[in-house]
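If you read the protein sequences in the order shown, they are chains A and B.
Number 196 in the UniProt record's numbering belongs to position 196 of the first sequence; there are no gaps in the numbering.
Number 55 in the UniProt record's numbering belongs to position 55 of the second sequence; there are no gaps in the numbering.
Mixed in with the good hints, there may be bad ones.
[As the list claims (entries may be wrong)] Taking lysine-lysine and the DSSO-like style, the derived pairs with C-alpha atoms no more than 30 Å apart in a straight line are: (1) Lys287/A - Lys132/A; (2) Lys159/B - Lys158/A; (3) Lys334/B - Lys163/A; (4) Lys255/A - Lys286/A; (5) Lys159/B - Lys132/A; (6) Lys287/A - Lys245/A; (7) Lys245/A - Lys163/A; (8) Lys178/B - Lys158/A; (9) Lys281/A - Lys305/A.
[Said to hold, decoys possible] From chain A, some residues computed to sit far from chain B (all C-beta separations above 10 Å): (10) Lys17; (11) Gly118; (12) Lys123; (13) Val209; (14) Thr216.
Hints were generated in silico from the structure; no laboratory data involved.
Here a beta-carbon is modelled for each residue, glycine too, at the ideal position from N, C-alpha and C.
Here is how the chains run, residue by residue.
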Amino acid sequence: MARQSASRAKSSASNAKKSTQGAKKAAPKFSKEQIQKFYYDMLLIRRFEEKAGQIYGMGLIGGFCHLYIGQEAVVVGMKSAITDDDAVITSYRDHGHMLACGMDPKGVMAELTGREGGYSKGKGGSMHMFSKEANFYGGHGIVGACVPLGTGLAFSQKYQGSKDITLCYMGDGTVNQGQVYESFNMAELWNLPVVYVIENNEYAMGTSVKRSSAQTELYKRGDSFNVPGEQVDGMDVFAVAAAGKKAVDYVRAGKGPYILEMKTYRYRGHSMSDPAKYRSKEEVNKKRAEHDPIDHLRQTMLDDKINTEDELKEIDREIKAIIADAVEFAQNSPEPQPEELYTDVLA
Amino acid sequence: MPTEILMPALSPTMTEGKLARWMVKEGDTVSSGDVLAEIETDKATMEVEAVDEGKIGKILIEGDTDNVAVNTPIAVLLEEGEDASDLDDFTPSAAPFASEGSDDTTEDTSDKEEPAPRVSTSKTPDAYDASGEIPEGTEMVKMTVREALRDAMAEEMRKDERVFVMGEEVAEYQGAYKVTQGLLDEFGGRRVIDTPITEHGFAGVGVGAAFHGLRPIVEFMTFNFAMQAIDQIVNSAAKTRYMSGGQMSSPIVFRGPNGAASRVAAQHSQCYASWYSHVPGLIVIAPHTAADAKGLLKAAIRDPNPVIFLENEILYGQSFDVPVMDDFVLPIGKAKIERPGDDVTIVSFAMGMRYALEAADKLAEENISAEVIDLRTIRPMDMETVLASVRKTNRCVTVEEGWPQSGIGAEITAQIMHHAFDYLDAPVLRVSGKDVPMPYAANLEKLALPHTDEVVAAAKSVCYRD
Ligand SMILES: Cc1ncc(C[n+]2csc(CCOP(=O)(O)OP(=O)(O)O)c2C)c(N)n1
Ligand SMILES: [Mg+2]
């Protein structure tokens, strides 16, 4: 049963809406090409992350490595709602966001292995990657920091009089950072073109939303600032794309910020070194079995005769080859030259 | 007995002001709360109210008088039963008129009856030569640091549409310390933006806007409050160029008053120079004079890197010569030999320069010639100029308002030991703020801050003259 928004008494009553979860997952609004792209992009991220996990185990990747497996529908659906000129920013769980932005898997993988061919020349690593070209503004390791930064991107878009908008991603744990609310306030006050996407994967490291949040309906977190919010089934790429389009249209029309809470799930540990003792195997398996965004889309595509089994297998093979190339590149790209230690500190 | 009405101080840092106009005339009866006169400081116009009842016996200082020092008698009030004849043998206490530029510590003191001070004009080879910064014959005007900062921002905003100012009270209120006075009028609300009280948030918004191509000037009401924003300054602004392999830059200026103001106690009186000086990826500037404030702020706004620009509330109202030039920009990272000397090098910056220069005057009277170096930029630090000077004088004293441990003086000392050990005739001494939170009580505050006599004593000590 959906709880009522806390601010219902006020005339500015909650703008927050709970989505009709479990409603009929209707594909028809999307063209065949769009649906194929959803599938392709989600699978690319899945295979990339599986491979990253594998080569992490081989010692090719160091430090923290936060995988996105399970959450693919969020970035892929949202990306379909924006243009290439719009800006994207997120935290350290960023591989999926970069691939969805069209960044080269080779450059991303080579950054994971700390090589010269990486997006940050090997100096940023998994958590800190950027691409001006793809309008991807990082990759930030401090929980919450990307929220004011993303708000600043939107500030600049508005200041420059462009029609571009910003997608600013954050986690369910992140929404308890004060700077998130400082940002919501300024974004609404100044009518900034930003969609805040809360990726609620139920855990912040080992802490569940219930254990960290007094208000667990995260789409209501904008209530005090009159920022409208909506909860979306983040395991359903169609639902994400539709909600994303609505939010992006709203924001692009100059109506100010919008919050989307994506109910999603991560299958792997918080980072590679997390044994995930805080949840049961059954919980994970159930999500995988019943809600996997890629399996679900694949089934829909077959049911609706969008593609044949063979055609989908062909896509799988193509993606495998891309990932294999990326790994090869990431292994063979040299480590940065020692002189690089002192470059890029100041302009 | 007639009572004197004194020129009031309207803020903790006010030392003088303009008596703009009288609202009463001689012979008027006043009661407490009546407005007597209007006073203008460099920050604001304020009203002076009567505290006592009585009749205005005599106006001692006419309206429209500039530079009236605080506590100067400006009028005489007659009590009940007194009349003008009571004033016949009344002499007001001394009226300490502040002269134009009384705060200029380098002023010539040669009319005193003391031995001619030792003056040096010796050159320091390898040191940065600041003499070319202002072409010879350039017209100079007296200007406060506050005006110089405002002009620097306005000039850069006229030139570059990407430059904007944001912060608490910067627009409609014209700046908490009136540094952004007039900017809203000229540039409008799109480019001069009042923020909520949300330092962490708006610092991050500024950095994001800088990533995206704008050139933000973020004003902190004081740097004490920037501690709430230091994560965005260090982790986002300073490190992103490196972490992105040079792709992203954050051309942003964080500016505002730093260090001790006056009687505002521990949480509002701290020098952050050494904090930011620690961070690769940042530029840290802390000027003393109005000319340096202007030339360096313009350079900071144009710089492609994040710049911490540390101002000082006490210096805001001080006047200095500023060159009249179309585009006066100074190099970042260059110290200035403010006063050449032979016997000991005194290195300082910002407010510390006041103590350093006063000390140099006193030392000159004792036949010790001090070379005073104003660092101006704290990071990157112009150690070449400092080392060149130490190789000449063989002695060094550092002066700063910040705490001693891990301070700017500690850094300079280590560098000198490393690079000029064989030139030293004495250990380098540090004069700094005391190792305590800033106390409120006037006497304790004085003790906590560095003062001129400590600089003199340290200089004499390294010259083995104590
Ligand atoms: C300011 C800050 N505090 C703590 C951390 C350590 N940390 C990294 S990720 C994380 C959990 C964040 O969870 P959430 O926002 O839900 O994002 P998710 O990892 O689920 O994507 C924590 C505590 C950090 N990086 N930054
Ligand atoms: Mg989470």
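Now for the hints, and whether the structure bears them out:
1. Lys287/A - Lys132/A: violated, 36 Å
2. Lys159/B - Lys158/A: holds, 20 Å
3. Lys334/B - Lys163/A: violated, 43 Å
4. Lys255/A - Lys286/A: violated, 39 Å
5. Lys159/B - Lys132/A: holds, 26 Å
6. Lys287/A - Lys245/A: It holds: about 26 Å lies between the C-alpha atoms, which stays within 30 Å.
7. Lys245/A - Lys163/A: holds, 15 Å
8. Lys178/B - Lys158/A: holds, 28 Å
9. Lys281/A - Lys305/A: Answer violated: Lys281/A to Lys305/A is near 34 Å, above 30 Å.
10. Lys17: Answer for Lys17/A: holds, closest chain B Cβ roughly 26 Å.
11. Gly118: About 7 Å separates Gly118/A from the closest Cβ of chain B, which leaves it inside 10 Å; violated.
12. Lys123: violated, 5 Å
13. Val209: holds, 23 Å
14. Thr216: Per Cβ check, Thr216/A is outside 10 Å of chain B; nearest 24 Å; holds.
Comparing the model with each earlier hint shows violations of hints 1, 3, 4, 9, 11, 12; every other hint is respected.
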